[in-house]
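Line by line, the protein sequences are chains A and B. To convert, note that position 151 of the first sequence is 151 in the working numbering; the numbers rise steadily by one, no gaps. To convert, note that position 199 of the second sequence is 490 in the working numbering; the numbers rise steadily by one, no gaps.
Keep in mind the hints are simulated off the structure, nothing from the lab. Note that this is a predicted model, so its numbers are computed, not measured. You can trust all of the hints, since none of them are fake.
Here are a few chain A residues that face chain B, going by a calculated C-beta distance under 7 Å: (1) 87; (2) 93; (3) 95; (4) 98; (5) 99; (6) 102; (7) 108; (8) 109; (9) 113; (10) 226; (11) 265; (12) 268; (13) 272; (14) 276; (15) 279.
Some chain B residues well away from chain A (every beta-carbon gap over 12 Å; in silico): (16) 294; (17) 312; (18) 315; (19) 316; (20) 317; (21) 422; (22) 461; (23) 463; (24) 470; (25) 561; (26) 589.
For each residue, glycine too, the CB sits at the ideal point set by N, CA and C.
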Amino acid sequence: MTTAAVVQVVVSGLATGSVYGLMALSLVIIYNATRTLNFAQGEMLMVSTFVAWSVYHAGLPLLVSAVAAVLAAAVLAFLCERLIVRRTLAATHWDVLIITLGLSLMLRAGAGLVWSHDEFPFPSFFRDRPLAIAGVRLAPVSLGIIGASLVLMLVLYALFAWTRLGRAMRAVAQNQRAARLMGISVERVNSMAWVLGAVVGAVAGVLVAPVIFLSTTMGLIVVNGFTAAVLGGFGSMPGAVLGGMVLGLLENLAPLYLPSGIRYSVPFLVLIAILLIRPAGLLGRVERRKV
Amino acid sequence: MRVTAAGAGVVALVAWPWVASRYFVFLASLVLVNGIVAVGLNLLSGYTHQLSFGHAGFFAIGAYTAALLTLHAAVLPVPVTLLAAGALTAVVGLAFGVPCLRLGGLYLTMATLAFGIVVSETLLNLDWLTRGADGLRVPAARLGAVTLSGDTARYYLVLAVAAAMVAAAANIVRTRTGRAFLAIRESEVAAQASGVPVAAYRTTAFGLSAFYTGVAGGLFAFVVGFLSPDAFDLFLSVDFVVMIILGGLGSVPGSLAGAAVVTLLHDGLAAFQNYRPLVFGGVLVACMLFMPGGIASALRLRASH
Numbered sequence: 001m002t003t004a005a006v007v008q009v010v011v012s013g014l015a016t017g018s019v020y021g022l023m024a025l026s027l028v029i030i031y032n033a034t035r036t037l038n039f040a041q042g043e044m045l046m047v048s049t050f051v052a053w054s055v056y057h058a059g060l061p062l063l064v065s066a067v068a069a070v071l072a073a074a075v076l077a078f079l080c081e082r083l084i085v086r087r088t089l090a091a092t093h094w095d096v097l098i099i100t101l102g103l104s105l106m107l108r109a110g111a112g113l114v115w116s117h118d119e120f121p122f123p124s125f126f127r128d129r130p131l132a133i134a135g136v137r138l139a140p141v142s143l144g145i146i147g148a149s150l151v152l153m154l155v156l157y158a159l160f161a162w163t164r165l166g167r168a169m170r171a172v173a174q175n176q177r178a179a180r181l182m183g184i185s186v187e188r189v190n191s192m193a194w195v196l197g198a199v200v201g202a203v204a205g206v207l208v209a210p211v212i213f214l215s216t217t218m219g220l221i222v223v224n225g226f227t228a229a230v231l232g233g234f235g236s237m238p239g240a241v242l243g244g245m246v247l248g249l250l251e252n253l254a255p256l257y258l259p260s261g262i263r264y265s266v267p268f269l270v271l272i273a274i275l276l277i278r279p280a281g282l283l284g285r286v287e288r289r290k291v
Numbered sequence: 292m293r294v295t296a297a298g299a300g301v302v303a304l305v306a307w308p309w310v311a312s313r314y315f316v317f318l319a320s321l322v323l324v325n326g327i328v329a330v331g332l333n334l335l336s337g338y339t340h341q342l343s344f345g346h347a348g349f350f351a352i353g354a355y356t357a358a359l360l361t362l363h364a365a366v367l368p369v370p371v372t373l374l375a376a377g378a379l380t381a382v383v384g385l386a387f388g389v390p391c392l393r394l395g396g397l398y399l400t401m402a403t404l405a406f407g408i409v410v411s412e413t414l415l416n417l418d419w420l421t422r423g424a425d426g427l428r429v430p431a432a433r434l435g436a437v438t439l440s441g442d443t444a445r446y447y448l449v450l451a452v453a454a455a456m457v458a459a460a461a462n463i464v465r466t467r468t469g470r471a472f473l474a475i476r477e478s479e480v481a482a483q484a485s486g487v488p489v490a491a492y493r494t495t496a497f498g499l500s501a502f503y504t505g506v507a508g509g510l511f512a513f514v515v516g517f518l519s520p521d522a523f524d525l526f527l528s529v530d531f532v533v534m535i536i537l538g539g540l541g542s543v544p545g546s547l548a549g550a551a552v553v554t555l556l557h558d559g560l561a562a563f564q565n566y567r568p569l570v571f572g573g574v575l576v577a578c579m580l581f582m583p584g585g586i587a588s589a590l591r592l593r594a595s596h
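Chain A on its own, in the form it takes in the complex (with noise of 0.2 Å):
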């Protein structure tokens, strides 16, 4: 294989990467806060991404169409946390996890009877003509979304080293009892994780639609999004990051060298093999419970 070639593939698998980043982000911003995992996250960036389409075809543009999105996202998220999720008792991560599946059932099976289960085509923010640059011929959808994902990244870790409210979300997660002594709201705080996780999500979904097509079974994903949390070291923002691009480069990789059948299956196996090696992940730390 040639060197452009490799560099093709390359690109392409971190553009698969930055978008499971993002999803893993997306799992850990409310894994931190709540220690809870939502599962109905890939069905949460699957119905926003819905959204997206059917505002831009009324006719709106395509900026608006992902503005729509994330404001669905984050309407969505607050009241699903707000609604249901808060009201458990005792919110252990069972409860949630259980709550979350029934969730993404509903949610699928809802985004099914308003658009149907048919694959849709999604407009790109970026234009078809590959770029040539050094006789490597690069898409300018993986670029393009490689460059968001790392805008994006960028903002969320300014908001939580610099803001406010990033900082309460890093006490929140560092000792829950503490920073609630400290006089910061949980419960605000849980809520602003969900919304944000969520935002976060309809961007990733906004981003990936135009390559792999919009459909109800997107919501998938979110098992992508766990493996490369997992894959970083669940509960790290660095680890999702770095995971994501390595399941997404493995993703891209595989077909390459094993019978191309595998390539769907490659998130799972991996997620297999990384808890069966190294549970903690590339950067975690082995978690210590007292009880």
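Based on the hints, put chain B in the right spot on chain A.
Chain B alone, transformed into the frame defined by chain A:
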């Protein structure tokens, strides 16, 4: 009172093929098959609080094992075939579960989810063995010289196996293993402190659960008569979870009730396929919010231990 009710239930189950039409005999077989899975999954979830999103994978392994054994080794009597299906599934379950069980919680659940998807992809790709997407026709089960064809014969086969397995699960608390499960259910820390090797019993629960599901898968192969990999998807695993959440964690009668409701709903909503996940998702959310103990605690069916 309990004895009378149980007796009436036994009579009704035995007499069912005489009063019901063929389709309802078939449906009752499916209810019992799903009941075995639910009881098995509940051994895992009810006692050790581990959730599996991948039991469709175990179900598929059991189903394909039984089907392939009957195809290629027709002399085997059906109990041997079913035991082999259960045993192989348990071995696969343990090989996969032992390392994952150390992690527990979320990780186990997501790993089982991945496992289930990998199993159905593998079945699809091993087409020299499983005929892939074309599907596999399952010959009738044999018991010595008798061929168990027809819905009634298959129903009695399922009923006999289900009775044995449900009785075993209901009486498991009389064994050392069962008492250890109870101790773990009440408090893992206390159990560990009292000298119960929690990790070993968690593994046992996982293996037992896989065994139950494998045997049920074998029965499913005979009842339905045709296997195709896409039948064993994530939604089937979710159906199993709905059965135990709706039925009630840790309750054998609850598992059976949950299996019956889900199987019948599945059948009743066949014409409204698009609404089915909406209903099941709603059931999950509603159970967690308003009926955490499921049908079992709502009706106080929970066995008095």
